[in-house]
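All chains should be modelled from the sequences, with the hints used to inform the complete structure.
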Amino acid sequence: FERFEPLKTLNLFMTILPLSEGSFTIDATKVFVPFDKDTDDLQQRPTGSLLVEVQPFLVISGRHHILLDTGLGFTLPDGEMQIMANLRKYGVDATDITHVLLSHLHRDHAGGVKEKNAEGFTGKLAFPNARYFVHRDELHYALQHAGKSYTVPDFDILENSPQRELLDDAGTIDGIIQYEKTGAHSKYHTVFWIGEGSNKVFFGADVAPQLQQMKRRFVAKYDFDGKKSMELRAEWWERGKQEFWTFTFYHDIKTPTYRAAS
Numbered sequence: 001f002e003r004f005e006p007l008k009t010l011n012l013f014m015t016i017l018p019l020s021e022g023s024f025t026i027d028a029t030k031v032f033v034p035f036d037k038d039t040d041d042l043q044q045r046p047t048g049s050l051l052v053e054v055q056p057f058l059v060i061s062g063r064h065h066i067l068l069d070t071g072l073g074f075t076l077p078d079g080e081m082q083i084m085a086n087l088r089k090y091g092v093d094a095t096d097i098t099h100v101l102l103s104h105l106h107r108d109h110a111g112g113v114k115e116k117n118a119e120g121f122t123g124k125l126a127f128p129n130a131r132y133f134v135h136r137d138e139l140h141y142a143l144q145h146a147g148k149s150y151t152v153p154d155f156d157i158l159e160n161s162p163q164r165e166l167l168d169d170a171g172t173i174d175g176i177i178q179y180e181k182t183g184a185h186s187k188y189h190t191v192f193w194i195g196e197g198s199n200k201v202f203f204g205a206d207v208a209p210q211l212q213q214m215k216r217r218f219v220a221k222y223d224f225d226g227k228k229s230m231e232l233r234a235e236w237w238e239r240g241k242q243e244f245w246t247f248t249f250y251h252d253i254k255t256p257t258y259r260a261a262s
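If you read the sequence shown in my numbering, its first letter stands for residue 1, the second for the next number, and so on.
Just so you know, not all the hints are guaranteed correct.
[Unchecked claim] Pairs of lysine-lysine residues, derived as PhoX-like cross-links and limited to a Cα-Cα distance of at most 20 angstroms, are as follows:
| hint | residue 1 | residue 2 |
| --- | --- | --- |
| 1 | K200 | K181 |
| 2 | K221 | K187 |
| 3 | K200 | K241 |
| 4 | K30 | K148 |
| 5 | K37 | K215 |
| 6 | K215 | K187 |
| 7 | K215 | K228 |
| 8 | K187 | K228 |
| 9 | K187 | K227 |
[Said to hold, decoys possible] Derived DEER-like restraints, expressed as beta-carbon distance ranges:
| hint | residue 1 | residue 2 | range |
| --- | --- | --- | --- |
| 10 | R136 | T95 | 21 to 31 angstroms |
| 11 | G62 | D38 | 36 to 46 angstroms |
| 12 | E238 | A85 | 32 to 42 angstroms |
| 13 | T95 | E165 | 12 to 22 angstroms |
| 14 | D41 | Q144 | 38 to 48 angstroms |
| 15 | Q212 | Q44 | 18 to 28 angstroms |
| 16 | K215 | Q43 | 19 to 29 angstroms |
| 17 | K124 | A234 | 19 to 29 angstroms |
| 18 | S198 | D27 | 35 to 45 angstroms |
| 19 | T39 | R136 | 43 to 53 angstroms |
| 20 | A261 | E231 | 16 to 26 angstroms |
These are computed hints drawn from the structure, not numbers from a lab. All residues carry an ideal CB built from backbone N, CA and C; glycine is no exception.
Have a look at this one:
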């Protein structure tokens with residue numbers, strides 16, 4: 001039988017912290033409109049609106065503080081970036097982050113790459129001690145395709161930053177992070193595994209954004225290659241059950257993490 005257990009921490013050597021920025025609806029305009037799950041009615045939003053969470057993750061493994069995507073980059077009324085306030089709740093400072101893993105550079109995943117305050121961008125990276133990892137072709141493509149999905153001022157600092165490290169199609173980072181370019185959602189979308197053996201965290205980002213999508217076979221119209229996304233979800237679901245992965249779901253409004261067991 002299948003059993004999936006929600007968790008925030010792994011007992012062996014990793015801690016997973018969801019950093020939710022809230023729930024939103026999004027339609028063809030690609031505008032993220034805040035949604036209150038207790039009071040708002042999805043049926044009153046434009047036809048075809050999707051209800052999503054925007055939820056980066058922090059994975060702590062020994063001396064590594066690994067941030068999985070950076071959210072929308074919103075600031076609070078006092079000018080502090082929301083992702084910084086979320087980290088502070090766990091006693092983590094921006095200077096503690098050692099790795100920023102970017103699955104792709106759409107605005108809801110790369111909005112927090114650069115530091116902001118009440119006046120706007122400061123001209124600095126938001127995480128001053130981190131190395132930022134992004135697929136080389138994703139960065140080049142995103143810089144050339146400003147539009148609804150890519151907001152270039154959010155991440156243009158990565159073009160020449162010495163803290164940026166460009167990823168190939170597959171490889172390993174510091175011996176504990178594996179990555180693979182999948183495409184599927186966007187042309188150069190990348191996914192990550194942290195850890196090894198039965199203590200492995202999987203971040204599928206927008207190819208595997210919600211728990212229910214892992215259980216259903218469907219083709220999403222918003223994907224670059226919907227059929228490939230469907231096939232990858234099915235493959236990862238079976239592998240995850242066999243290898244006891246902890247799945248992280250960036251856009252799931254109910255289930256940020258699930259650990260697979262069979």
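Structure-based check of each hint:
1. K200 <-> K181: Answer holds: K200 to K181 is near 18 angstroms, not above 20 angstroms.
2. K221 <-> K187: 14 angstroms, holds
3. K200 <-> K241: 12 angstroms, holds
4. K30 <-> K148: The given pair, whose Cα atoms are some 6 angstroms apart, holds under the 20 angstroms limit.
5. K37 <-> K215: 23 angstroms, violated
6. K215 <-> K187: 24 angstroms, violated
7. K215 <-> K228: Measuring from Cα to Cα gives roughly 15 angstroms; hence the hint holds.
8. K187 <-> K228: This hinted pair holds, its Cα atoms lying about 11 angstroms apart.
9. K187 <-> K227: 13 angstroms, holds
10. R136 <-> T95: 21 to 31 angstroms: 27 angstroms, holds
11. G62 <-> D38: 36 to 46 angstroms: 39 angstroms, holds
12. E238 <-> A85: 32 to 42 angstroms: Holds: the Cβ-Cβ distance is about 38 angstroms, inside 32 to 42 angstroms.
13. T95 <-> E165: 12 to 22 angstroms: 19 angstroms, holds
14. D41 <-> Q144: 38 to 48 angstroms: 39 angstroms, holds
15. Q212 <-> Q44: 18 to 28 angstroms: About 23 angstroms separates the Cβ atoms of Q212 and Q44, which means 18 to 28 angstroms holds.
16. K215 <-> Q43: 19 to 29 angstroms: 24 angstroms, holds
17. K124 <-> A234: 19 to 29 angstroms: 42 angstroms, violated
18. S198 <-> D27: 35 to 45 angstroms: Since the Cβ atoms of S198 and D27 sit about 40 angstroms apart, the hinted range of 35 to 45 angstroms holds.
19. T39 <-> R136: 43 to 53 angstroms: Roughly 44 angstroms apart at Cβ, these two residues keep to the hinted range, so it holds.
20. A261 <-> E231: 16 to 26 angstroms: 23 angstroms, holds
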